[in-house]
Amino acid sequence: MLGRSAWGIFWMARYLERAENTARLLDAGFRMALTRGNTVASDEWRSVLVTLGMDDGYTGDMSGPAITNWLLRGAGNDGSVLSMMEAARTNARMVRTAITREVWEVTNESWMQLQSLLAKPVKEADLGHVLDVIRRQATSVRGAMEGTMLRNDIFNFARIGTHLERADNTARILDVKYHVLLPSAAWVGSRLDNAQWEMVLRSVAGERAFRWLHAGALDPKGIAQFLILDGRFPRSLTYCLRKLTSNMEWLCRDYHQETAAYLMQKEASDKLGKTTITDIFEHGLHEFITEFLATNRLVADAIAADYRFTE
Amino acid sequence: MPSTTISSYDEMLDAEGNVRPAYAGYREWYEAQSPKWLEKQGKNAEDVFRRTGITFNVYGEDAGQERLIPFDMIPRIITADEWKKLSRGIDQRVRALNAFLHDLYHKREIVKAGKLPERLLAQNEAFLPEMVGFTPPGGVYTHIVGIDLVRTGPDDFMVLEDNARTPSGVSYMLENRETMMAMFPDLFTKVAVQPVSDYPRALARSLAACAPPAAQGSDRPVLAVLTPGIFNSAYYEHAFLADQMGAELVEAGDLRVVDGRVCMRTTRGWRAIDVLYRRVDDNFLDPLTYNPDSMLGVAGIMDVYRSGGITIANAPGTGIADDKAIYSFMPEIVEFYTGEKPILKNVPTWRCSEADALAYVLDHLPELVVKEVHGSGGYGMLIGPTSSKGEIAAFEKKLRANPDNYIAQPTLSLSTVPIFTKAGLAPRHVDLRPFVLVSPHGINITPGGLTRVALKKGSLVVNSSQGGGTKDSWVLAE
Numbered sequence: 001m002l003g004r005s006a007w008g009i010f011w012m013a014r015y016l017e018r019a020e021n022t023a024r025l026l027d028a029g030f031r032m033a034l035t036r037g038n039t040v041a042s043d044e045w046r047s048v049l050v051t052l053g054m055d056d057g058y059t060g061d062m063s064g065p066a067i068t069n070w071l072l073r074g075a076g077n078d079g080s081v082l083s084m085m086e087a088a089r090t091n092a093r094m095v096r097t098a099i100t101r102e103v104w105e106v107t108n109e110s111w112m113q114l115q116s117l118l119a120k121p122v123k124e125a126d127l128g129h130v131l132d133v134i135r136r137q138a139t140s141v142r143g144a145m146e147g148t149m150l151r152n153d154i155f156n157f158a159r160i161g162t163h164l165e166r167a168d169n170t171a172r173i174l175d176v177k178y179h180v181l182l183p184s185a186a187w188v189g190s191r192l193d194n195a196q197w198e199m200v201l202r203s204v205a206g207e208r209a210f211r212w213l214h215a216g217a218l219d220p221k222g223i224a225q226f227l228i229l230d231g232r233f234p235r236s237l238t239y240c241l242r243k244l245t246s247n248m249e250w251l252c253r254d255y256h257q258e259t260a261a262y263l264m265q266k267e268a269s270d271k272l273g274k275t276t277i278t279d280i281f282e283h284g285l286h287e288f289i290t291e292f293l294a295t296n297r298l299v300a301d302a303i304a305a306d307y308r309f310t311e
Numbered sequence: 312m313p314s315t316t317i318s319s320y321d322e323m324l325d326a327e328g329n330v331r332p333a334y335a336g337y338r339e340w341y342e343a344q345s346p347k348w349l350e351k352q353g354k355n356a357e358d359v360f361r362r363t364g365i366t367f368n369v370y371g372e373d374a375g376q377e378r379l380i381p382f383d384m385i386p387r388i389i390t391a392d393e394w395k396k397l398s399r400g401i402d403q404r405v406r407a408l409n410a411f412l413h414d415l416y417h418k419r420e421i422v423k424a425g426k427l428p429e430r431l432l433a434q435n436e437a438f439l440p441e442m443v444g445f446t447p448p449g450g451v452y453t454h455i456v457g458i459d460l461v462r463t464g465p466d467d468f469m470v471l472e473d474n475a476r477t478p479s480g481v482s483y484m485l486e487n488r489e490t491m492m493a494m495f496p497d498l499f500t501k502v503a504v505q506p507v508s509d510y511p512r513a514l515a516r517s518l519a520a521c522a523p524p525a526a527q528g529s530d531r532p533v534l535a536v537l538t539p540g541i542f543n544s545a546y547y548e549h550a551f552l553a554d555q556m557g558a559e560l561v562e563a564g565d566l567r568v569v570d571g572r573v574c575m576r577t578t579r580g581w582r583a584i585d586v587l588y589r590r591v592d593d594n595f596l597d598p599l600t601y602n603p604d605s606m607l608g609v610a611g612i613m614d615v616y617r618s619g620g621i622t623i624a625n626a627p628g629t630g631i632a633d634d635k636a637i638y639s640f641m642p643e644i645v646e647f648y649t650g651e652k653p654i655l656k657n658v659p660t661w662r663c664s665e666a667d668a669l670a671y672v673l674d675h676l677p678e679l680v681v682k683e684v685h686g687s688g689g690y691g692m693l694i695g696p697t698s699s700k701g702e703i704a705a706f707e708k709k710l711r712a713n714p715d716n717y718i719a720q721p722t723l724s725l726s727t728v729p730i731f732t733k734a735g736l737a738p739r740h741v742d743l744r745p746f747v748l749v750s751p752h753g754i755n756i757t758p759g760g761l762t763r764v765a766l767k768k769g770s771l772v773v774n775s776s777q778g779g780g781t782k783d784s785w786v787l788a789e
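Residue numbers (this note's numbering), protein chains in the order written: chain A, 1 to 311; chain B, 312 to 789.
Rather than coming from a laboratory, the hints here were simulated on the basis of the structure. Be a bit skeptical, because a hint or two may be false.
[To be verified] Calculated lysine to aspartate or glutamate pairs in the DMTMM-like style (CA-CA distance at most 20 Å, straight line): (1) Lys652/B - Asp466/B; (2) Lys120/A - Glu86/A; (3) Lys266/A - Asp230/A; (4) Lys354/B - Glu86/A; (5) Lys426/B - Glu643/B; (6) Lys354/B - Glu105/A.
[Said to hold, decoys possible] Partial selection, computed: residues in chain A whose CB lies under 8 Å from chain B: (7) Thr97; (8) Asn108; (9) Arg297; (10) Leu298.
Even for Gly, the Cβ is constructed at its ideal location relative to N, Cα and C.
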C-alpha cells in the first residue's frame, strides 16, 4: 500500500477516536454540571479543556453551553468534533481505495449528519442527543471496519491509529485528574471526591465496568489501577499497548521486517506488563503519565518513518 | 435563456404520439407506477448519491464545495440494432484516431497526401515534439476514448467531439446503472438491458495488455491511477476506477523516478509502476519536460516512458486528435486510414481560420454555435439562437480579433428524451458519450455510455458544469 494511504488511514482512525473521546469527555462534564453546583461544574469544564489541550486557544466563558459549543462546533477550532469528523472524512476520501464502500459510506454519512446537527448552536436540552449521535457514529464506523475490512496492513494501520489515540486520551485524562486519585490525608470520601472519580470513569466509559469489577465501591487507587493496568478494559493503557504491540507485530511479520517502532513499542508494553500500581504511585503518577505520553509520541513518529508515511 | 423553437427528434414518441419500439417495454412499466412513488424514489436516489459521495467539486465561486450532478430516473433507451450500427461507426472512428496519431508522430503520410494542412500541427499546443518517432507500448495511443454523439433523426447520429485525452464520466455510467437497479429491480426483470458493469475489469485488462517492455514477463503488471488529488472535480471518479480495478490511486507526491522506473512510495519501499492511467493533463505530466511549476506530475517520467519503463495512458500528445480544428478533418482522416467511408457523420463545421468560412460565420452568427478551438466544458462558446443581440455583438468582437481560435457549427436540433417532472414526463435535449477501450487485442465498446441531459426546458447545453444532468443509458438486449 502507499505510504500516504497508511498515513491517511492512521489519521482517519485517530480523528474518529478523538472525536468520540471528546464527546465522552463532554458527556462527563455535562453530567457533572447537572448533578453538582456551578462552581464545581466550571472547574470541570476547565479540566475538560485542559485534557484536550485546548485551554490556551479558548477565550469564551467557563459555562457549559459556551464550552460544549466550542468543542462541538467552534468556528476556527480545529479540535472541535465537527472539524475532526471532517478531517476523518477527508482522510477517508483520500484513502478511498484502501477502505471498503461501507466504511466510506458510514464515515461520509456521519459527517453529513453531524454537519446538519451542528449547523446551529446546540441547546443544552439537545446536548444529550447530539452526544449520543456522535457515540453511535463512532460505533457504526468501528462496526463497518470490523465487519467489512480485510485483515491486512491497511486494517492494522487503522487499528494502530485507534489504539495510540485511545491510550493518549486515557493518559491525558489521568494526567489532568491525577491529583484526585492520589492517596491523600485529606481524603475522606466526600461527595466531591466521589463526583470527581465518577467523572474520570465516565469520561472513558468505564463506570459500569468498574462497578461490576469492584462491587460498587469507588476508591482512587482502584480506579488508577483499573484505568492503567486492567487489561480487560478496552480503554486502559495496558489494553491499548497490548493491542498496539500486536498490530505492529502483525506488520513486522507480514513485511518480514522488524522495525524500530516495534522494538520501542514492545519494550514499553513489556515494561508496563511488569509494573504494579504500587510501583506507579511510588514513582509518581504524574511522572509515570508524562513518560507514557512521551513514549507514545516517539512510537507514533517512528511508525511514520518506518512505513514512509511522508517523504 | 430563451428557449429554442427548433423541432427535435423525440426518442420516445413519434410524430403521432405513439411510443417508439425502444421505449415500449419501459413505457408499459412506467404507466403502472404511481407518480408519487416515483418522485419519492428520485429523492432516495439523490440521498444515495450524497451518501456514496458521488460528487464533483466546483471550481470558481463555490470553490471547495462538492455538488451532485442531477440524476434523472427515466432511462435513455437505444435498441440493439441502433447500437450495432453506432458501435461499428465508433470502432471505425477510434481505429482511425489511433492510426492518425501514429502517422502524425511518424511519417505524416496524411500531410504528404495533402489531406491535412501542416500548419494545423505546427501551431498546435497539443502536438508534442517529444512523441515524434516514438511508438507507445502495444502501439496504442488512446487507451480510453469518449466519443460525444448527438442524434438528430432516427438514423442520424453525428459525432460532436472526440475525447481522446482523459475522457471523464464513466463512473456516472456505472453508478447510474447501479442506482437504477437498486431503485427499480423489477424493471430490469421486465426489460432486458445489456450490462455495463464489466467496464472496470475490461479497463484493467486493456491497460495490462499495454504493459511496457520493462514489465514483459510479469503476469500481472502493476497498474496505478494518477489523480491531481481530492480537490479535483473528477476525484470521485479517479478513486472509483482505482478501487474497481484494484489499482493504487496515486498523487504526484507519491511518485519518483528510481533506477529508471517510475515508482510509488509504499509502506514497503519504492515500487515500480508498469501502467499509469493518468488523469492529469499532458502539460502537467512532467515538470522537467513541460510546465516546470507543475505539482501534479513526476519529474523525469517522459524519459522513463521513452525508454520503455512505463506505459502512460492515454499517451502524451493524443490531444492533437481531439482538437476542434482537427475535428473538422475527421471525415478525411477516417477515410484515409481505414479506406472506408465514415459510418458516423461529423457535424458540419466552419473553420473561422479560413476567410470564406469566417465571412459566412459572421453573416450567420444568430443561427450558429461558435466554439473555441481548444475549449471544453461548454465554456467560451456562443449559442446564436439563444443569445441576445448584445451577447452576439460582444462575441463577434472576440471572433474578429482572433478568428483562428474559433470554429462554428449549425445549431443542431439535438434529440430529446423525457425527464421526470412533477407534472409528468417532459422532453429534454440529450447527447451520448459511449466509452471505448483500445488495446492491442482490439476495441471494446461498453453498450450505452453516459447520457447527459439539459434539464432546463429548451436548453441545448448538457454540460454538468452548466446545469446539465445525467441519465442511465440503456442498450436493449437482442
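Against which earlier hints does the structure fall short, listed by number upward? 4, 9 and 10
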